[in-house]
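Sequences are here, hints too, so could you generate the full structure?
The listed protein sequences correspond, in order, to chains A and B. Residue 29 in numbering that gives the first Met the number 0 sits at position 30 of the first sequence; the count goes up by one each step and never skips. Residue 23 in numbering that gives the first Met the number 0 sits at position 24 of the second sequence; the count goes up by one each step and never skips.
Okay, derived cross-link-like pairs now, EDC-like style, lysine to aspartate or glutamate, Cα gap no bigger than 20 angstroms in a straight line:
1. A:LYS6 / B:GLU100
2. B:LYS45 / A:GLU25
3. B:LYS15 / A:GLU20
4. A:LYS6 / B:GLU128
5. A:LYS13 / B:GLU100
6. B:LYS71 / A:ASP33
7. B:LYS4 / A:GLU25
8. B:LYS33 / A:ASP33
9. B:LYS4 / A:ASP32
10. A:LYS13 / B:GLU28
11. B:LYS152 / A:GLU3
12. B:LYS4 / A:GLU31
13. B:LYS148 / A:ASP4
14. A:LYS13 / B:ASP31
15. B:LYS45 / A:GLU31
16. A:LYS6 / B:ASP113
17. B:LYS148 / B:ASP137
If we take Cβ atoms under 8 angstroms as the criterion, some of the chain A residues that face chain B in the derived model are:
18. LEU5
19. LYS6
20. PRO7
21. ALA8
22. TRP9
23. GLN11
24. LEU12
25. LYS13
26. CYS14
27. LEU21
28. ILE26
29. LEU27
30. LEU29
31. ILE30
32. ASP33
On the chain A side, residues computed to face chain B include the following (Cβ under 7 angstroms):
33. HIS16
34. SER17
35. ALA23
The hints are simulated quantities; they were obtained by calculation from the structure and are not laboratory data. Nothing here was measured: the structure is a model prediction, and the numbers come from that model. Where a beta carbon is used, it is the ideal one built from N, C-alpha and C, also for glycine.
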Amino acid sequence: MHLEDLKPAWQQLKCYHSMQELDAGEILALIEDDSNHISWRGVITSLIVFVLLTICCQAG
Amino acid sequence: MDISKQHFIQVVNANKGTIRSLCRLYYAEPEDQKDAHQDIILQLWKSFGSFRGEAKINTWIYRIALNTLLTKIRRDKHRIDTEPLATNPNIEVGVADSHIELLRMIIASLQPLDKAVVILHLEGYQHKEIAQIMGISDSNVSTRFNRLKSKLKSQYYHKSHASRRP
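Below, the structure is given as C-alpha cells:
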C-alpha cells in the first residue's frame, strides 16, 4: 500500500464533490455580509476617533 | 453585482470540488462541514483582492483553505476523527470497499497538519511546495511524510499478512 495509489481516489473525490451545484446566492450573501460588517466597523472606528479628537481639541 | 464578486464566484465555482472535499476530510459532521466551508469562503474573499496571480489559483486556494481549517480546528479545540493512526481500530484493509473509502479512513486517522501534507502530496505538490503552502520548513514536511509513509506501510503490511493467514 503506497500513498501514490490513492492519488486517483483524491481526484475522484474532488470530481464527486464538484458535481453538486454551487449556491452562488449563498456565497454572495456571505461576502456581502462580511463587506457590510467591515464598513460598519470602519464607521464606528472613525466616529470614536472623531469624538476623541473633538474632546481633546476642546480641552486644549 | 460588481465584477470582482462575479469573478470570485467563478473562481469558487471552478474549485468547489476541492473546497468541499477538504471540508469533508477534516470534519465528519455536516454542520461542522458547512461552518468550515463558510469560513474558507470568507477567508478566500478577504484575500482575493491581494491575490496577484503570482501563484497558481489552485495553490492559492489550497493555502487559504488548509490554513483556515487548521486555524478553525485550533480555535474550536475539538477534533473530529483524528485519533492517532496506530490506535485507530477502523483501519482494516478488508473494510475499505473502494479507494475513496480507504482514502477517507486514512485521512481521518491523521493529525490535522499531517492531513494537509498528505492531501497536498496527493494533489501532486513537491515537499518544497508543500512547505511553502503550509508555512513550515522543508525538513518538517519530509520528516512528517517519511513517518506517515512508514506508519502506513507497517500498518497495511501487518493487516494484509494477518488476513492471509489461515
